[in-house]
Amino acid sequence: QQPVQSPQAVILREGEDAVINCSSSKALYSVHWYRQKHGEAPVFLMILLKGGEQKGHEKISASFNEKKQQSSLYLTASQLSYSGTYFCGTVTGGGNKLTFGTGTQLKVEL
Amino acid sequence: DVKVTQSSRYLVKRTGEKVFLECVQDMDHENMFWYRQDPGLGLRLIYFSYDVKMKEKGDIPEGYSVSREKKERFSLILESASTNQTSMYLCASSRTDGYTFGSGTRLTVV
Numbered sequence: 001q002q003p004v005q006s007p008q009a010v011i012l013r014e015g016e017d018a019v020i021n022c023s024s025s026k027a028l029y030s031v032h033w034y035r036q037k038h039g040e041a042p043v044f045l046m047i048l049l050k051g052g053e054q055k056g057h058e059k060i061s062a063s064f065n066e067k068k069q070q071s072s073l074y075l076t077a078s079q080l081s082y083s084g085t086y087f088c089g090t091v092t093g094g095g096n097k098l099t100f101g102t103g104t105q106l107k108v109e110l
Numbered sequence: 111d112v113k114v115t116q117s118s119r120y121l122v123k124r125t126g127e128k129v130f131l132e133c134v135q136d137m138d139h140e141n142m143f144w145y146r147q148d149p150g151l152g153l154r155l156i157y158f159s160y161d162v163k164m165k166e167k168g169d170i171p172e173g174y175s176v177s178r179e180k181k182e183r184f185s186l187i188l189e190s191a192s193t194n195q196t197s198m199y200l201c202a203s204s205r206t207d208g209y210t211f212g213s214g215t216r217l218t219v220v
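Protein sequence lines correspond, in order, to chains A and B.
Be aware that the first sequence starts at 1, since it is given in the numbering used here, and climbs by one per residue.
Be aware that the second sequence starts at 111, since it is given in the numbering used here, and climbs by one per residue.
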């Protein structure tokens with residue numbers, strides 16, 4: 001079952017903040033976050049692991065609540081370059097197989 | 111930088127044809143994945159492989175098969191293409207952390 005992302009879409013003015021949420025019905029081993037610009041491949045942003053370890057983009061922050069089976073991506077002081085569709089991917093079993101959410105479209109305007 | 115190369119950017123095939131989508135990665139990654147991306151549905155996993163000659167079904171394997179004869183190459187095969195397989199196909203590879211995606215193959219079945 002795919003994780004649920006919210007909101008589905010958001011429009012920001014440059015400099016504003018946004019939070020994107022990802023919620024799973026299954027226990028999570030890890031959560032990944034990716035950004036996809038129109039016509040391009042998804043690009044890895046961050047991985048959050050059970051136990052608190054995080055690896056990824058230094059300007060991106062995220063949280064992982066293992067108990068609630070949720071993760072949130074925090075975009076602060078947004079820039080035009082942040083525009084795109086954000087996907088969370090979850091690992092719920094062994095291995096490195098990701099199940100992706102349906103995405104959150106983010107648009108940053110002047 | 112890890113590079114994942116998909117052989118075709120755009121493909122148009124006829125219903126009933128056998129279609130091969132090729133994916134090559136150059137960083138000795140063990141894990142390789144095939145996803146399809148459709149509007150509103152996000153990325154859905156078709157097949158994946160954790161090693162040469164190994165393959166496992168993802169969430170939507172019907173109508174597809176895969177081949178992994180060499181570590182760097184993972185092929186997706188549409189045995190008899192149908193119009194409902196018109197989609198963007200994305201290949202990805204990883205070691206233990208984030209995925210690196212190819213640029214995608216937009217397949218149209220007519």
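A couple of the hints might just be wrong.
Residues from chain B shown here face chain A by an in silico Cβ test under 8 Å; the list is partial [claimed, not checked]:
no., residue
1, G150
2, G152
3, L153
4, F158
5, D161
6, T206
7, G208
Distance condition first, Cα-Cα at most 20 Å in a straight line; then the derived EDC-like pairs of lysine to aspartate or glutamate [claimed, not checked]:
no., chain 1, residue 1, chain 2, residue 2
8, A, K97, A, E53
9, A, K97, B, E127
10, A, K26, B, E140
11, A, K37, B, D148
12, A, K97, B, E172
13, A, K97, B, E189
Calculated directly from the structure, the hints in this document are not laboratory data.
Small disclaimer: the values here were computed from a predicted structure and weren't measured.
Positions of the beta carbon are idealized from the N, C-alpha and C atoms, including for glycine.
> Which hints, by number, does the structure contradict?
Replying inline: 5, 9, 10, 13
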